[in-house]
Amino acid sequence: MPMKLQKFETDEQLKIERIMYARRYSLTLDKRRCVVCELCEAVCPREAIRVVKPEDGEQAPPRLEIDVELCQYCGICNAVCPFGALELKINGEKTIPVVKFESFPRLIRDIKIDAEKCPVGCTVCMDTCPLKLITVKVVDEEGRPVENVDLYPEKERLKVTVEIEKEYCPVCRLCEYKCPYDAIHTQKIIYGHISVKNELCPEGCRECVEACPIPEALQISEDGRVVANDLFCVYCGACRIVCPVEGAISLERTVIRHTPVHSGAWNKALEKLTSTKGMAKELRSRALIKVKESVERRLA
Amino acid sequence: MSGEEPRIGVFVCHCGLNIAGVIDVEEVTEYAKTLPNVVYAVHNRYTCSDPGQDEIRKAIKEHNLNRVVVAACSPRLHEPTFRRCVAEAGLNPYLFEMANIREFSSWCHPSTPREATEKAKDLVRMAVAKARLLAPLKPLKVPVTRRALVLGGGIAGINAALDLAEMGFKVYLVEKKESIGGHMAQLDKTFPTLDCSICIEGPRMVDVARHPNIEIISYADLLSVEGYVGNFKVKVRKNPRYVIAENCTGCGECRDVCPIEFPNEWDMNMGVRRAIDIPFAQAVPLIYTINRDHCIECYKCVDACGARQAIDFSQEPEEVELEVGAIIVATGYDIYIPEEGNLYGYGRYSNVITALEFERLILAAGPTGGHVIRASDGKRPKSVALIQCVGSRDINKYEYCSGFCCMYTLKHAIQLKEHYGREVEVYVFYMDMRSNFKGYEEFYRRAREMGVTFIRGRVSSVIEDPETKNLIVRVEDIALGEPVEVEVELVVLATAAIPSKGSDEISRILNISRGADGFFMESHPKLKPIDTPVDGIFLAGACQGPKDIPYSVSQGCGAAARAATILSKEEWEIEPIIAVVDPTKCRNVKVKCGICATKCPYGAIKAPQGQPAQVITAMCHGCGTCAAECPADAITQMHFTDAQIFAQIRAALEENPEDKILGFLCNWCSYAGADLAGTSRFEYPPTLRPIRVMCSGRVDRDFVLEAFRLGAGMVLVAACHLPYDCHYISGNWRMKERMEVLARMLTKLGLSPERFRVDYISAAEGVKFAELITEMTRKLKELGRERIVAENQKLKPVLERMLSRKRRAKTGS
Ligand SMILES: Cc1cc2nc3c(=O)[nH]c(=O)nc-3n(C[C@H](O)[C@H](O)[C@H](O)COP(=O)(O)OP(=O)(O)OC[C@H]3O[C@@H](n4cnc5c(N)ncnc54)[C@H](O)[C@@H]3O)c2cc1C
Ligand code: SF4
Ligand code: SF4
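Chains A and B supply the protein sequences, listed in that same order.
Heads up: the first sequence begins at 113 in this note's numbering, then just goes up one per residue.
Heads up: the second sequence begins at 9 in this note's numbering, then just goes up one per residue.
So here's chain A without its partners, still in its complex pose (with noise of 0.2 angstroms):
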């Protein structure tokens, strides 16, 4: 049998395969979480991961297009996608080789909840998230959940739990702002920079707030002008992948939080995703001469 390539693709997902002889690769793309930013594009080494911008004319979104030639299952775009939405498999198992090689670096997820502070009945955080990724529970004593908080004899003995499905949480911090009780602290992943030059903006375009995934960062203001709001925006740079005018969006990552890693594929990764400013300041910080030799000889 000789080794296959396969691609398969319906509206929720896209999978593509290699399949040999004693071993099985697959890559499977989750429609429902991607939201067709500019990140995995822009890290894959191998230029396999594509965004496919509608034709001229055609009335349809931008989408991801996977190449099954290329694609080698390195795993760096799934360790990348700050949604989760991207799933590598060897053999059935989920697994991310460049992570566990310490190749690249895992995204840092840093969200704290203190649910002693939270009282019965509240569900702020869980209506607020954009991606639906919170749960709230009433729970007993024993940690079983209440339906019917209002039937429940002795109320002082319920408990919250919160939890958050993180792997797929990009980390907007609405949550934490719109927290009533300051029971949520996060820091987010990605810092940087946004801003929108109206004035570019084509009359009554709308493209990047309607594919903006956080309703808070970008927003039409009164006036009808797009403003970005820098506490929200996760930097994805999703807008800047429909806005229609270059340059009316300018978006900067200057840092990004990572586990510790030394590997000259992040920095590659990193020079691509940052601006020079940021990643230097990485850099420096880090104090990795090889690696920094490295990335200055490929910027020469």
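You may find that some hints are simply not true.
To be verified - Heads up, incomplete: computed chain A residues facing chain B, CB under 10 angstroms, no partners named:
1) 113
2) 133
3) 157
4) 212
5) 214
6) 374
What the hints assert, rightly or not - Taking CB as the label site, the calculated pair distances span:
7) A:143 - B:231: 44 to 52 angstroms
8) B:387 - A:299: 45 to 53 angstroms
9) B:322 - A:206: 33 to 41 angstroms
10) B:379 - A:206: 42 to 50 angstroms
Claimed, not checked - In silico EDC-like links for lysine to aspartate or glutamate, alpha-carbon gap of 20 angstroms or less:
11) A:380 - B:273
12) A:380 - B:301
13) A:116 - B:273
In short, the hints are calculated from the structure, not lab data.
Note that CB positions come from ideal geometry on N, CA and C, so glycine has one too.
Assemble the complex: chain A is given as a structure, and chain B with the ligands must be docked to it using the hints.
For chain B with the ligands alone, kept in the frame of chain A given last:
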């Protein structure tokens, strides 16, 4: 030319009764005496015997002879003998000429002795005419670089390299892959003894690496080869491994930290390797290689390598130039992969695999740890079909037999039985079982005794059961004479062995030819199976045609011995029958010509702009194609000069030209075929007057024009068969192109097309030659003398005009 007046001695041989029984040798001798410049003529019983040769030597001294003509047998037989003989008497060996009155007259015209005698007289006259114009020549000597290049490090190349190295010659072993070993390193066991393949090849590979006389240049491509026997200049590109060979200890620590896996070609893409890796554990040389197509440049390997500092991402391809005296090509074969998906379901059905994939499956170090399992479910198959001749012996794919498939199929059957005994049913579907050679038939019997089922017939189809993924093999069983269906769980295809990828490139670079099957062509299928038509280049192993290991090894050793015949000498002698350019006549000085350079089959001519063309003497093989092609007649082929051949033509057609067929026969095929007609005593009419040229490519259109100008009844140009038989690669093609144009022109001028014939006769086609001359003679008669004379009269003034330029030049000399 020697300048002195020729003094020719003619020696007519009886050859016992072989000649004298038909031909009146007395008359021929007396006739010879009447020819210009002949000062001495005798006949004797056996000219080639010691007394016969003595007589020649004595006569040279006594009669002060400076040219010798022997009228006897074929020059293909005794020319070297008589050349030596005259040289012993102090004469230059090239001042000798033969008239072949045995094979070309007495033996083929026994029932017409009168005509045979007349023909013999003509042949002597032609030989004398040429002899008058002979010039002394010195054999060319070229120095020999006593090093060899072996191209391809399979088992054939390994053995060639080791043998040469043991003889004391420096060897460069150039391998395109990362490791030497070739296909043998991919195999599990080897027939018929079932010893582990890498266990017997591995030590040989290590011997190669350790041998002080061998330099392995692996992961390298052959770029160009220039030069000639004894003096080749070879350019090779070493591809970057991104690992410094000298620093790499082969520890593999880099591999362990590399995150990237990709399919391993060595494992038939069934297993994986890392972006920094070796193809297999026993690789030689043991140097890791980074595949930059896959590497993500994480530099984990750099860290792991640490102080050894073997990894160097800045490596660039490096070109090296090697000087060698001989080249052995051992580039092996490839396996046909039925990619179309329509051949027995390979590529479509998971449980259909190739035999080479099977080798990797059953190999303990293979991707499944030696477990024969199915790709569809990972389970061990309880029944296996081995299908033979897949792509081979199939006129729609590869017509030839791939040689070793029968034997390795038996091997696979036995291995399955040995591993799984009664738990596996094994079916072999075969057309013929070819188990010749030592120990092979016994191996076949062993398979039968182990309970393997043999079904004879070509499999018509393999169909998958979509549910079980089992396969239904359909065949017309020849023994039963009815269609049979067998359901099995795994199908193994013995796919054809095909020329290795890049063979066309290699044949272009080395100027060696390939047969219709695409494998490299040997110089002679029986007597020179290892030589190529290019001196100093030899073949070994499966690159010449599919071969098993013992045969490939023998050829490797044979090629080493053949190469050593050159390398062991300080100097190599080349026959001086080469081409020479007269710079004063060459047009290339004034206009852009260079025709000779493009027509030379060996690239032996350089024609730089504005300069006269130049023949690189040692590269010239002496076919004479350039001499015939040159529009300015600036090229002379030594010993086969225009003047000499014109003299032969004129001598041949001196009397009754209308009744004669003037034939130009190439030395290697058609002259040999004509010789064979003689030796086989095939009788044909005595109408032919043959002129021997080394290659049909030498036949100038002017020769043909001159023959018709002189009134020849017919002209024949006979060559080696197209497309690949020419001893000089493509001389016959050049002749064909030239003669086709000429034939059209002659027909337009009013020549009956039958009167000019181009044909192809191999050295084995004595019958065909006799039939050809018989047929031509019949047509000659049919046309009738009158018509021929009339045509000739009409043609003569035109041809005269066309040839005037040439004749002026010739009569002047
Ligand atoms: C499935 C299978 C099983 C077999 N089992 C057996 C067996 O049991 N017993 C047996 O006797 N035979 C067996 N054979 C046959 C065996 O493989 C061959 O006889 C043997 O490999 C021929 O050796 P070789 O050196 O001529 O060619 P190869 O093994 O093909 O080696 C050629 C080498 O040249 C290199 N090369 C190619 N092109 C170039 C180039 N342009 N420049 C530089 N290098 C180049 C290649 O990389 C390779 O290393 C089997 C074959 C198959 C397919
Ligand atoms: S740099 Fe390339 S070869 Fe080295 S460990 Fe990383 S991926 Fe592998
Ligand atoms: S064409 Fe033939 S004779 Fe002329 S240079 Fe080439 S090899 Fe020599």
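Hint by hint, here is what the structure shows:
Below 10 angstroms, beta-carbon pairs count as interface contacts, and residue 113 of chain A has one with chain B at about 5 angstroms; its hint therefore holds. Given the 10 angstroms rule on beta carbons, the hint for residue 133 of chain A holds: about 4 angstroms separates it from the nearest Cβ of chain B. Of the supplied interface hints, the one on residue 157 of chain A holds, with its beta-carbon coming within about 4 angstroms of a beta-carbon of chain B, less than 10 angstroms. Interface restraint check: residue 212 of chain A against chain B, minimum CB-CB distance 7 angstroms, threshold 10 angstroms, status holds.
At about 7 angstroms, the closest approach between the beta carbon of residue 214 of chain A and any beta carbon in chain B falls short of 10 angstroms, and the interface hint on this residue holds. Interface restraint check: residue 374 of chain A against chain B, minimum CB-CB distance 7 angstroms, threshold 10 angstroms, status holds. Taking 44 to 52 angstroms as the suggested C-beta distance range, the pair residue 143 of chain A and residue 231 of chain B conforms, at roughly 49 angstroms. Our hint of 45 to 53 angstroms for residue 387 of chain B and residue 299 of chain A holds, since their Cβ atoms are close to 51 angstroms apart.
A hinted range of 33 to 41 angstroms for the beta carbons of residue 322 of chain B and residue 206 of chain A is consistent with their spacing of about 37 angstroms. Our hint of 42 to 50 angstroms for residue 379 of chain B and residue 206 of chain A is violated, since their Cβ atoms are close to 26 angstroms apart. Between residue 380 of chain A and residue 273 of chain B the alpha-carbon distance is near 29 angstroms, which puts this suggested pair outside the 20 angstroms criterion. For the hint pairing residue 380 of chain A with residue 301 of chain B, the CA-to-CA distance comes to about 16 angstroms; that is within 20 angstroms, so the pair holds.
The suggested pairing of residue 116 of chain A with residue 273 of chain B holds, with an alpha-carbon distance near 14 angstroms, which does not exceed 20 angstroms.
The structure fails to meet hints 10, 11 from the earlier list, while all remaining hints are met.
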